[in-house]
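Protein chains in written order, with this note's numbering: chain Z, 59 to 218; chain U, 32 to 582; chain H, 3 to 91.
Treat the hints as calculated values from the structure; they're not laboratory data. Careful, some of the hints might be misleading.
Simulated restraints, written as ranges between beta carbons of each label pair [unchecked claim]: (1) U:Lys316 <-> Z:Asp208: 42 to 52 angstroms; (2) H:Arg66 <-> Z:Asp208: 53 to 63 angstroms; (3) U:Gly359 <-> Z:Leu216: 39 to 49 angstroms.
Ideal Cβ placement from N, Cα and C applies to all residues, glycine included.
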Amino acid sequence: MALIKNGTVASDPYTDVADDAVLPAGPVIVSLQRFRAERDGLLARNTPVGVRLAPDQSPEALGGDLDRLPLVVLEFAKFRDGRPLSWARLLRTRLKFTGEIRATGDFLYDQIAFMVRVGFDAFELPASVTPALFQRALGEMTLVYQPSTDGKKTIRELRD
Amino acid sequence: MYRYDEFDARFVAERTEQFRFQVERRLKGELSEDQFKPFRLMNGLYLQLHAYMLRIAVPYGTLSAPQLRMLAHIARKYDRGYGHFTTRQNLQFNWPKLKDVPDILAELATVEMHAIQTSGNCVRNVTSDHFAGADAEEVEDPRPVAELIRQWSSLHPEFSFLGRKFKIAVTASGHDRTALRYHDAGVEIVKNSDGRVGYRIYVGGGMGRTPYLSYVVAEFIEKPDLLAYLEAILRVFNESGRRDNIYKARIKILAHTLGVTAMRDRIEREFAEIKAAGTLEVPEKECARIEAYFAPPAFADLPETALPTGGALGDWVTSNTHPHRVRGYTIVTISLKPIGGVPGDASHEQLDGLAALLDDFSLGELRVSHEQNLVLPHVRIKDLPALHERLTALGLATPNAGLITDLICCPGLDYCDLANARSITIAQEISKRFADGARQHEIGDLKIKISGCVNACGHHHAGHIGILGVDKKGVEYYQLLIGGSAAEDASIGEILGPGFGEHEIADAVERVVDAYLKLRQPGERFLETSRRLGLEPFRTAAYGEQRDGAD
Amino acid sequence: MLTANRLIDGTVLYWRGGGWVETLGEADVFAEPQTADAALAAAKDFVTRNVVVNPYLFEVKDGRPVAEREIIRAAGPSVRRDLGKQADV
Ligand code: HEM
Ligand code: SF4
Numbered sequence: 059m060a061l062i063k064n065g066t067v068a069s070d071p072y073t074d075v076a077d078d079a080v081l082p083a084g085p086v087i088v089s090l091q092r093f094r095a096e097r098d099g100l101l102a103r104n105t106p107v108g109v110r111l112a113p114d115q116s117p118e119a120l121g122g123d124l125d126r127l128p129l130v131v132l133e134f135a136k137f138r139d140g141r142p143l144s145w146a147r148l149l150r151t152r153l154k155f156t157g158e159i160r161a162t163g164d165f166l167y168d169q170i171a172f173m174v175r176v177g178f179d180a181f182e183l184p185a186s187v188t189p190a191l192f193q194r195a196l197g198e199m200t201l202v203y204q205p206s207t208d209g210k211k212t213i214r215e216l217r218d
Numbered sequence: 032m033y034r035y036d037e038f039d040a041r042f043v044a045e046r047t048e049q050f051r052f053q054v055e056r057r058l059k060g061e062l063s064e065d066q067f068k069p070f071r072l073m074n075g076l077y078l079q080l081h082a083y084m085l086r087i088a089v090p091y092g093t094l095s096a097p098q099l100r101m102l103a104h105i106a107r108k109y110d111r112g113y114g115h116f117t118t119r120q121n122l123q124f125n126w127p128k129l130k131d132v133p134d135i136l137a138e139l140a141t142v143e144m145h146a147i148q149t150s151g152n153c154v155r156n157v158t159s160d161h162f163a164g165a166d167a168e169e170v171e172d173p174r175p176v177a178e179l180i181r182q183w184s185s186l187h188p189e190f191s192f193l194g195r196k197f198k199i200a201v202t203a204s205g206h207d208r209t210a211l212r213y214h215d216a217g218v219e220i221v222k223n224s225d226g227r228v229g230y231r232i233y234v235g236g237g238m239g240r241t242p243y244l245s246y247v248v249a250e251f252i253e254k255p256d257l258l259a260y261l262e263a264i265l266r267v268f269n270e271s272g273r274r275d276n277i278y279k280a281r282i283k284i285l286a287h288t289l290g291v292t293a294m295r296d297r298i299e300r301e302f303a304e305i306k307a308a309g310t311l312e313v314p315e316k317e318c319a320r321i322e323a324y325f326a327p328p329a330f331a332d333l334p335e336t337a338l339p340t341g342g343a344l345g346d347w348v349t350s351n352t353h354p355h356r357v358r359g360y361t362i363v364t365i366s367l368k369p370i371g372g373v374p375g376d377a378s379h380e381q382l383d384g385l386a387a388l389l390d391d392f393s394l395g396e397l398r399v400s401h402e403q404n405l406v407l408p409h410v411r412i413k414d415l416p417a418l419h420e421r422l423t424a425l426g427l428a429t430p431n432a433g434l435i436t437d438l439i440c441c442p443g444l445d446y447c448d449l450a451n452a453r454s455i456t457i458a459q460e461i462s463k464r465f466a467d468g469a470r471q472h473e474i475g476d477l478k479i480k481i482s483g484c485v486n487a488c489g490h491h492h493a494g495h496i497g498i499l500g501v502d503k504k505g506v507e508y509y510q511l512l513i514g515g516s517a518a519e520d521a522s523i524g525e526i527l528g529p530g531f532g533e534h535e536i537a538d539a540v541e542r543v544v545d546a547y548l549k550l551r552q553p554g555e556r557f558l559e560t561s562r563r564l565g566l567e568p569f570r571t572a573a574y575g576e577q578r579d580g581a582d
Numbered sequence: 003m004l005t006a007n008r009l010i011d012g013t014v015l016y017w018r019g020g021g022w023v024e025t026l027g028e029a030d031v032f033a034e035p036q037t038a039d040a041a042l043a044a045a046k047d048f049v050t051r052n053v054v055v056n057p058y059l060f061e062v063k064d065g066r067p068v069a070e071r072e073i074i075r076a077a078g079p080s081v082r083r084d085l086g087k088q089a090d091v
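Working from the sequences, and respecting the hints, build out all of it.
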């Protein structure tokens, strides 16, 4: 599985850790439940911690800890469930999160352009999407009507 | 009407190519049907009982002659020579081939049409008043606002995978012709006490299995803030709407579970932030740019003209015209409900025939109404006889607009994969029963609305008399509902009792109507009589002696 | 009996002897639930190969579908006798 970060293939320093697994050394990704249970220990490790949120978990649950987290992973349980699109947007606007927002799980080629627009900057690509397809996805629609967190000029702005 | 600039045109062209790639991948097997389905729906493509079905948007219900000709052309070239106008200002083709759909969309794009978001769990094509720009009462033309919303909602990056569909209607008239309160969100253009124009916003309406009327969440939203407010509503819905049960996933359930206060608080919180960011503010310049396209056409300065009376022409004028705001003009409704015909269907000859008379008779414009009729918004009163003759030749001069045979009806089991029972056959039977013009005028304003299943595409909850098809062990049955309305006096109809068989339902409707004629007070519409007297007299009439046996 | 829609154009199809035909009259009637289930399992292969979508079984009695839905599907809209399969015969 390829990881794309800021538009290019990147290596992944993180280990995604199951709730009942022993924490390995180095950067880890844990669920919100585990983060809550072991928060102090995780933050004291002095190595990057990312938190994985299920589609029904708002990033507001991370509260004041967000500025100590370099990574939030938003999980697509079913590609049809678009809640992570709002969570990403929320992270970038109200919560002013500047770290990595990574997509994992069941999402499709056809959703990638939307995801980039709302603030995702890293993608654990599903098997059906090659890095070349990833690039193609971004070029399908060159024009947009809505302002979003990607700062892309809207059609209205282009009209001015 | 609105004209695409280079950006709108490129947007639709790119969207068509995007869909072409999706179809290609589906045919090659790179997308499974489960994966493809949400994407084809977002482009209006269903798989129905017999074939695919393509739903094309008629944005806020306005069509030009070239667009009509294109629809006729598509009906001939890719379909079976006809289309079906729905209750949502859409046109459906019932027989397209999947492999042809990208080409159909490309052809549509040449006349600034598309199928974007006519289905799927996204913000659907926005609907508006079919008398917009012609009605004497409206605050202002609602179509520029509808166009603004269309652009904002097209391929919205955050709101294209909602828990369920989201329908928005816009009206600017005290007489609601959009079924506003049955929409997920409604925008009513109003003037505040200072005479400023703004928007009253409704949330939480819907039909389907559990019907709800929407409530007001904001009394007055300023013009520049409209999109920010709608974005706030959509965000609350996307984050908090239920996803565990498709029958509970619409915003109506969230809105009525939270209640107006909590709902408003949630929306206001998002709204405050979006507004503060400022990026969604609608600049006056953009409003003006869009409004300019909807500037009133060049009306002639005509003398006061009396409507023609007498004969077939007079009957048609009485039921099918509506006062226009400009002297010497009138609004003409073209009924798509010929007696015994299929409600909402139009043949390619009719579409072409209409295109040929638009310039001469209606300043180039046609409208599509949510009652499955067409409207010529700007007709000179003195042209009515000539127009009537032309429409008669096209089979489009049925004199029944607003009368009992002007029924709304979904495709039902004759086309629809989800249906429990046929609805068109019932509509045809009722239409024949009440064919007599004098009887129809005697009955007056009575709206019958028929759906073939609980999804309520035929608005049965909102019918003065509603009919709902159900399936009982493989046999078609029909429930009768009384007292619904989709207008400014909106209400949800109540079920009268056990269902009727296929051959009993028209009789039951006739008995209910006869009871009304006996019970009404002078000047009272069916709806008012039923509200005054309740269900009981109609129940007695409908079931009569065989009350226990009807089930 | 067993029906599905052809992916590329949506045409209604019926199962006969390991493949598909376009009219109900030519199609196999399964007397036993086991043969019906076996046919459905075989049809799933056509789904995987992206030839058809949505295969399912329905009940017939004396060669005629029991449900109104299947009668209409096999013939075409009952309100437009000039359309659908009924128009071709
Ligand atoms: C023939 C194919 C059609 C299919 C498969 C279909 C499917 C559906 C479904 C599943 C719903 C319920 C959605 C929900 O409650 O969340 C619905 C609602 C609706 N449909 Fe259709 N529909 C079809 C045709 C039509 C037609 C022809 C019309 C117009 C005559 C129409 C207009 C509507 C309207 C107005 C609603 C009610 C919206 C609401 O629940 O508030 N549909 N449709
Ligand atoms: S109400 Fe039911 S039967 Fe009628 S079109 Fe909608 S889904 Fe089909």
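Enumerate the violated hints, using their earlier numbering and listing them in ascending order. 1
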